[in-house]
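S.K.: Take a look at the letters that make up each chain.
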Amino acid sequence: MSVTIGDLANALQAEAWGDLSLCVTGAGEPAQVDPVGPQGGLIAMAMAPKYAEALKPGSIAILAVGMDPAAYGLRAAIFAPRPRLVMAGLTRAFDKGPQVQPGIHPSAVIDPSAVIGENAAIGPLVVIGPNVRIGRNARIASHVSIGRDSVIGDDALLHPGVRVAHEVRAGDRLILQPNASIGGDGFSFVTPEESGIEEIRRTLGTRDGITQQHWTRIHSLGGVEIGDDVEVGANTSIDRGTIRATRIGSGSKIDSLVQIGHNVIIGEDCLICGMAGIAGSARIGNRVVLAGRVGVNDNIEIGDDVIAGGASKIFTRVPAGRVVLGNPAVKMETQMEIQKAMRRLPRIAQQLSKLQETVTRLLEKG
Amino acid sequence: MSVTIGDLANALQAEAWGDLSLCVTGAGEPAQVDPVGPQGGLIAMAMAPKYAEALKPGSIAILAVGMDPAAYGLRAAIFAPRPRLVMAGLTRAFDKGPQVQPGIHPSAVIDPSAVIGENAAIGPLVVIGPNVRIGRNARIASHVSIGRDSVIGDDALLHPGVRVAHEVRAGDRLILQPNASIGGDGFSFVTPEESGIEEIRRTLGTRDGITQQHWTRIHSLGGVEIGDDVEVGANTSIDRGTIRATRIGSGSKIDSLVQIGHNVIIGEDCLICGMAGIAGSARIGNRVVLAGRVGVNDNIEIGDDVIAGGASKIFTRVPAGRVVLGNPAVKMETQMEIQKAMRRLPRIAQQLSKLQETVTRLLEKG
Amino acid sequence: MSVTIGDLANALQAEAWGDLSLCVTGAGEPAQVDPVGPQGGLIAMAMAPKYAEALKPGSIAILAVGMDPAAYGLRAAIFAPRPRLVMAGLTRAFDKGPQVQPGIHPSAVIDPSAVIGENAAIGPLVVIGPNVRIGRNARIASHVSIGRDSVIGDDALLHPGVRVAHEVRAGDRLILQPNASIGGDGFSFVTPEESGIEEIRRTLGTRDGITQQHWTRIHSLGGVEIGDDVEVGANTSIDRGTIRATRIGSGSKIDSLVQIGHNVIIGEDCLICGMAGIAGSARIGNRVVLAGRVGVNDNIEIGDDVIAGGASKIFTRVPAGRVVLGNPAVKMETQMEIQKAMRRLPRIAQQLSKLQETVTRLLEKG
Numbered sequence: 005m006s007v008t009i010g011d012l013a014n015a016l017q018a019e020a021w022g023d024l025s026l027c028v029t030g031a032g033e034p035a036q037v038d039p040v041g042p043q044g045g046l047i048a049m050a051m052a053p054k055y056a057e058a059l060k061p062g063s064i065a066i067l068a069v070g071m072d073p074a075a076y077g078l079r080a081a082i083f084a085p086r087p088r089l090v091m092a093g094l095t096r097a098f099d100k101g102p103q104v105q106p107g108i109h110p111s112a113v114i115d116p117s118a119v120i121g122e123n124a125a126i127g128p129l130v131v132i133g134p135n136v137r138i139g140r141n142a143r144i145a146s147h148v149s150i151g152r153d154s155v156i157g158d159d160a161l162l163h164p165g166v167r168v169a170h171e172v173r174a175g176d177r178l179i180l181q182p183n184a185s186i187g188g189d190g191f192s193f194v195t196p197e198e199s200g201i202e203e204i205r206r207t208l209g210t211r212d213g214i215t216q217q218h219w220t221r222i223h224s225l226g227g228v229e230i231g232d233d234v235e236v237g238a239n240t241s242i243d244r245g246t247i248r249a250t251r252i253g254s255g256s257k258i259d260s261l262v263q264i265g266h267n268v269i270i271g272e273d274c275l276i277c278g279m280a281g282i283a284g285s286a287r288i289g290n291r292v293v294l295a296g297r298v299g300v301n302d303n304i305e306i307g308d309d310v311i312a313g314g315a316s317k318i319f320t321r322v323p324a325g326r327v328v329l330g331n332p333a334v335k336m337e338t339q340m341e342i343q344k345a346m347r348r349l350p351r352i353a354q355q356l357s358k359l360q361e362t363v364t365r366l367l368e369k370g
Numbered sequence: 005m006s007v008t009i010g011d012l013a014n015a016l017q018a019e020a021w022g023d024l025s026l027c028v029t030g031a032g033e034p035a036q037v038d039p040v041g042p043q044g045g046l047i048a049m050a051m052a053p054k055y056a057e058a059l060k061p062g063s064i065a066i067l068a069v070g071m072d073p074a075a076y077g078l079r080a081a082i083f084a085p086r087p088r089l090v091m092a093g094l095t096r097a098f099d100k101g102p103q104v105q106p107g108i109h110p111s112a113v114i115d116p117s118a119v120i121g122e123n124a125a126i127g128p129l130v131v132i133g134p135n136v137r138i139g140r141n142a143r144i145a146s147h148v149s150i151g152r153d154s155v156i157g158d159d160a161l162l163h164p165g166v167r168v169a170h171e172v173r174a175g176d177r178l179i180l181q182p183n184a185s186i187g188g189d190g191f192s193f194v195t196p197e198e199s200g201i202e203e204i205r206r207t208l209g210t211r212d213g214i215t216q217q218h219w220t221r222i223h224s225l226g227g228v229e230i231g232d233d234v235e236v237g238a239n240t241s242i243d244r245g246t247i248r249a250t251r252i253g254s255g256s257k258i259d260s261l262v263q264i265g266h267n268v269i270i271g272e273d274c275l276i277c278g279m280a281g282i283a284g285s286a287r288i289g290n291r292v293v294l295a296g297r298v299g300v301n302d303n304i305e306i307g308d309d310v311i312a313g314g315a316s317k318i319f320t321r322v323p324a325g326r327v328v329l330g331n332p333a334v335k336m337e338t339q340m341e342i343q344k345a346m347r348r349l350p351r352i353a354q355q356l357s358k359l360q361e362t363v364t365r366l367l368e369k370g
Numbered sequence: 005m006s007v008t009i010g011d012l013a014n015a016l017q018a019e020a021w022g023d024l025s026l027c028v029t030g031a032g033e034p035a036q037v038d039p040v041g042p043q044g045g046l047i048a049m050a051m052a053p054k055y056a057e058a059l060k061p062g063s064i065a066i067l068a069v070g071m072d073p074a075a076y077g078l079r080a081a082i083f084a085p086r087p088r089l090v091m092a093g094l095t096r097a098f099d100k101g102p103q104v105q106p107g108i109h110p111s112a113v114i115d116p117s118a119v120i121g122e123n124a125a126i127g128p129l130v131v132i133g134p135n136v137r138i139g140r141n142a143r144i145a146s147h148v149s150i151g152r153d154s155v156i157g158d159d160a161l162l163h164p165g166v167r168v169a170h171e172v173r174a175g176d177r178l179i180l181q182p183n184a185s186i187g188g189d190g191f192s193f194v195t196p197e198e199s200g201i202e203e204i205r206r207t208l209g210t211r212d213g214i215t216q217q218h219w220t221r222i223h224s225l226g227g228v229e230i231g232d233d234v235e236v237g238a239n240t241s242i243d244r245g246t247i248r249a250t251r252i253g254s255g256s257k258i259d260s261l262v263q264i265g266h267n268v269i270i271g272e273d274c275l276i277c278g279m280a281g282i283a284g285s286a287r288i289g290n291r292v293v294l295a296g297r298v299g300v301n302d303n304i305e306i307g308d309d310v311i312a313g314g315a316s317k318i319f320t321r322v323p324a325g326r327v328v329l330g331n332p333a334v335k336m337e338t339q340m341e342i343q344k345a346m347r348r349l350p351r352i353a354q355q356l357s358k359l360q361e362t363v364t365r366l367l368e369k370g
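Protein chains in written order, with this note's numbering: chain A, 5 to 370; chain B, 5 to 370; chain C, 5 to 370.
To be clear, the hints were calculated from the coordinates, so they are not data collected in a lab.
You may find that some hints are simply not true.
[As the list claims (entries may be wrong)] Each computed DSS-like pair below joins lysine-lysine, with the alpha-carbon atoms no more than 30 Å apart:
#1 Lys358(B) x Lys369(A)
#2 Lys358(A) x Lys100(C)
#3 Lys344(C) x Lys335(B)
#4 Lys369(B) x Lys369(C)
#5 Lys358(C) x Lys344(C)
#6 Lys344(A) x Lys369(C)
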């Protein structure tokens, strides 16, 4: 794969400088990138002066607007008005992906009632169940399983080992990373009599008597509904709903090792970072960002545009637009103050003792 | 699948009202459920007045005891004395599951020494190792692997991509959700000389000198022993033991993305919720409930009937029957007070400074 | 598998006592171990007096130095100067592992351009892509997939269901536990305009106006580079880098359900325990120990020999050699003091109110 500096700049909607006919074969960090040769070369990502120090004369680079390519001895450069956005365009241009071979691999086990879209590529040892529909240009890598009555939209990319259970419906451009599981059963049990958990929710922690109890399973009849342009990370699990489907809105991105419980509803354009977990029946608005390892309690509502900082644990409803942090999560400013006071806490305790003594002496004197 | 209202009420041991001959084909939320047609229809789950508002006249529903089906224009109804328990019966009745085809799929790779129980269904691309025994009516879905000398009981359901390593013994009615791993090696290493971790456990945080150290592996010879009626969630990992087996008691349910370390012993009828983690050699009693993301330190003991609230981190032994919360976990009431005080903490700090000034002035005056 | 007490003691570099010609067939806990029979027997792990209580006369055992084998009626014993180190040698001697059959299973799908090392064992239903190189004596268990252009070193053991994506390069003696995913795409997105996350990082929590925003994907061109003697746990995910590879240094061990983000660099001989997570572009030094469920923020640096206690959340840079604990993580001693003061916090709040009253009265009197 190779493209000229000029064409790449056009594709990135960015300005270029120098010899626009030089060929770009990929991207690299400045220290990895050698001077461009007769067949072209890597383009260095040097979008800040500190990264640019490692640039070699004779190479080609992406610089921030305002940096001087001549000063680094470059032969050509592209200026990035918003570096990470340029990174998006550039990496897309050079991503060869996992390369699923075109056509249907003979080792795949496909139910005759399944409908495979035009130009879809089905890798080795894939299993596709009855009445499944796979969209056009979908790429289904090795060892994927897709259960009965599920639908995968156009242009999907399912990486190796992905599990899509039965009755899962996904839109277009779905990306599922390796070993992700979509549509496992919800974790939902009930005891014939009141359980200990129900008791302490009622009594806030007190337990009258403890009796033996077995768990009876509530089965999951609902599936999972996934919008367009959704991505789900490696080894993440999204459970199916009980009566209706668990839902992930269009444009939402979910990282690795995330847990999405049964009946959860996630809005559009959310970012759910690594190891976050959303318990059963929680409702997440649009454009919500949950940073790494954020936990959301079951049955609560998180409003649109909420941002939750790393490792926050959200136990109660959060109104739209709020930025929260901490365990239990509170407004970010409040948490910052709490943390500052907590670091001072051993000193506060000391000062209080001292003050008590002083006042005692004052009282004795008085 | 279809059943009459009358038969369904009988199966649920619940009372019914209206035309008991109407056919139920499944369950849905009130808003999804249309009036019942000539072939029957979905039954609406409307077990509280707020859910019942969306009921359409002419439909059939499950109501709480005391609600009036005529007021909603229903044609038939079933009364749920304990709604979630009725949900359990109802969803079980209509769950078609992943539908593993009867018999052994020709693409499965089964060692000739393995014994497959009567009426067991083995899906495509399953791998079963030497001396494995699979119980009667077991359903093993696609892409499952079961290692040498392992035993799976009767009526098991193993979802796609499940890994059961060698020397794992499980009882009857086992359910393993997609991509769960049972019997990976324990995470157990030792250094020839004292390691930094051992040092700081001894010195409580001080380090004298730091030396290079390589980790030597302790292998895991123990397997995993699982009782009857156990369920394990998607992408969960249960490690094998070092010398003896890791053990999961009968009736215990484990959610998705949970980690169970080597040598752990879990009692009966426990509920281990999503993203909980139990470190090596911890011992968990019977009927223990660990809410989402609870962590249990290695080598400690959690007594019977303990309940740990969401995201608690348990560093030390918990006596039987206690309800704990927080990081580090303490009694729930104590944690509630700590949290209340923590929210007041910035104010406490302010009040203390002010009081110090006042006392200083008093002293100067005095 | 069977070895004499004498040979086993030699292999463990430990001293032995009693009848050195007795045969050891495996290891067990004292209560499991019966008197040694004519074919030999299990050796009991009784490396502390409290474990030794369960020893049966006539059996064989490993004891701590200084314990008296005659007092327990043993027929032979081995003395362990450092018990866990002896455990390492002993368990290695008796670990039969998952037993991948020699040779290449006929159901494996191997690209003709792949190079399989001498004596490597490739299990059933394995998929190996173009230009992959597998080292000598490697054991690749069932259902593993290895993507194009990846390299696995000599003596590797890949357990069932492991995913190795394209362009992953691993050294010798690699161990990957079941369903681990190496080389999924990084979680990296950008919005055309400033996103809410960028805004609150700038404003520390305040949001001026909220606008709709879609996420544009940054693709991951970098692979993963793994040194020698690395182990990765079950259902763990290690993401590939953006421009250059994510790197794991030689001798580092990673537990189950761990997340390693894109571009992360981990040094040598680290121990990353279960459910730990390291966010994108963080740099971890050599010999770092992250206990269970530790979180490391993106883009920060953790110095050599840092030890982070269980469930610590590290938001900022940690200098070499420091021992940290808590959320947010601070020096371990500081955290201990904070926790002590926190437990006293409700009392502190009370004492402060009382003191305020006293001083008010004093002022009134004055």
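S.K.: So, for every hint listed, does it hold in this structure?
M.R.: These are the hints, each one checked on the structure:
Straight-line distance between C-alpha atoms of Lys358(B) and Lys369(A) comes to about 22 Å, which keeps the hinted pair within the 30 Å bound. Restraint check for Lys358(A) and Lys100(C): not satisfied, since their Cα atoms lie roughly 65 Å apart, outside the 30 Å limit. For the proposed pair Lys344(C) and Lys335(B), the alpha carbon gap of about 15 Å is at most 30 Å, so the pair holds. Under the criterion of a C-alpha separation no larger than 30 Å, the hint pairing Lys369(B) with Lys369(C) is consistent with the structure, at around 13 Å.
Proposed proximity of Lys358(C) and Lys344(C) is supported: the alpha carbons are some 21 Å apart, at most 30 Å. In summary, the hint linking Lys344(A) to Lys369(C) is not supported, as the alpha carbons are separated by about 36 Å, beyond the 30 Å threshold.
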